[in-house]
Amino acid sequence: MLILPAIDIYNGKCVRLQQGDFNRQTVYNESPAEVAEFFRKAGLFHLHLVDLEGAQEGRIMNWDALSSICALDGIRAQIGGGIRSVDDVSRLFGIGATRAILGSLAVDSPHLVREWLLEFGSDRFVIAVDIKDGRVASKGWAEKSGPPEAFLQQMIDIGARRFLCTDVSRDGMLAGPNIDLYRDLMSAFPEVELLASGGVTRLDDLRTLREAGCAGAIVGKALYENKITLEELTAFA
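692 is the number of the first residue of the sequence shown in the numbering used here; add one for each residue after it.
These aren't lab readings, by the way, just hints derived from the structure by calculation. Wrong hints could be hidden among the right ones.
With a Cα cut of at most 30 Å, we get these calculated DSSO-like pairs of lysine-lysine [to be verified]: (1) K823 with K704; (2) K732 with K918; (3) K823 with K918; (4) K704 with K732; (5) K704 with K918.
Restraint ranges, calculated between C-beta atoms of paired labels, are given here [what the hints assert, rightly or not]: (6) E882 with N702: 21 to 27 Å; (7) H802 with E725: 28 to 34 Å; (8) S758 with G812: 18 to 24 Å; (9) D755 with F811: 34 to 40 Å; (10) F729 with G850: 15 to 21 Å; (11) W754 with T920: 27 to 33 Å; (12) S776 with I849: 34 to 40 Å; (13) R898 with V777: 36 to 42 Å; (14) G850 with E721: 21 to 27 Å; (15) S800 with R826: 33 to 39 Å; (16) I849 with E922: 37 to 43 Å.
We treat Cβ as the ideally placed atom computed from N, Cα and C, and that holds for glycine.
Given only the sequences and the hints, what does the whole structure look like? Please build it.
If you want it as structure tokens, here you go:
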């Protein structure tokens, strides 16, 4: 199973939020690239990068920080946060991003997602499925639409194959992942690659996610708070 340490970027700094709340923000490092290098030296080359300001503004904002991370030797980064234009997508791939994460855009404009999947290839994209109170959430988790199963099927029908599923209630809370959610989704859609995000607190969580069929998992606060050590994570990966 693929393990992706998370680096959330706000105002050029590495931060973590609790349940997506910008008022509950902790700064962990002034330099996101320094954090990425720390992970890289530990042998963790796949990273999950989120431009939090971009998510607020609807366009990528922290280009310098993202570029610095992507320039590190061997790093394979998936990047999200307010991607709404093909120019941002092209520029992300231009700085070395491996994949672009599409969230609110996929909910609002599936026709654009279909065009980009055809233009760049489905392997270059991850569709974010943020779930709040059993519904798909978008616009920084402020708006809720239909059930996740219907959204996944819609995305599969236009060519998407890789998904990032976050239970908003677990994000940044160190409360353990919503295993039942991932089991249900993998049972309904065994053909997709599903990355789990939100609540990973210990190695047993990762083992359970792997048994549930998840292709990968995002690890954030548990790393920054030393609930899981880099040595443990590297050995697991």
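Against the structure, the hints:
Under the criterion of a C-alpha separation no larger than 30 Å, the hint pairing K823 with K704 is consistent with the structure, at around 27 Å. Taking the CA atoms of K732 and K918, the gap is near 19 Å; set against the 30 Å cutoff, the hint holds. Note on K823 and K918: the hinted pairing holds, with a Cα-Cα distance of about 25 Å set against a maximum of 30 Å. Pair hint K704 plus K732 holds up; C-alpha atoms about 20 Å apart against a cutoff of 30 Å.
A distance of roughly 22 Å separates the Cα atoms of K704 and K918; the hinted pair therefore holds under the 30 Å criterion. The hinted range of 21 to 27 Å is not satisfied by E882 and N702, whose Cβ atoms lie roughly 40 Å apart. Checked against the hint of 28 to 34 Å, the C-beta distance between H802 and E725 comes to roughly 40 Å, which is inconsistent with it. A beta carbon spacing of about 22 Å between S758 and G812 agrees with the range 18 to 24 Å that was offered as a hint.
With their beta carbons about 24 Å apart, D755 and F811 fall outside the hinted range of 34 to 40 Å. For the pair F729 and G850, the beta carbons lie near 36 Å from each other, so the given range of 15 to 21 Å is not met. At about 32 Å, the CB distance of W754 to T920 agrees with the hint of 27 to 33 Å. The given range of 34 to 40 Å is broken by S776 and I849, whose C-beta atoms sit roughly 19 Å from each other.
For R898 and V777, the hinted distance range of 36 to 42 Å is satisfied, since their beta carbons lie about 39 Å from each other. Remark: the range hint 21 to 27 Å for G850 to E721 is contradicted by a beta-carbon distance near 40 Å. At roughly 19 Å, the beta carbons of S800 and R826 sit outside the given window of 33 to 39 Å. The hinted range of 37 to 43 Å is satisfied by I849 and E922, whose Cβ atoms lie roughly 41 Å apart.
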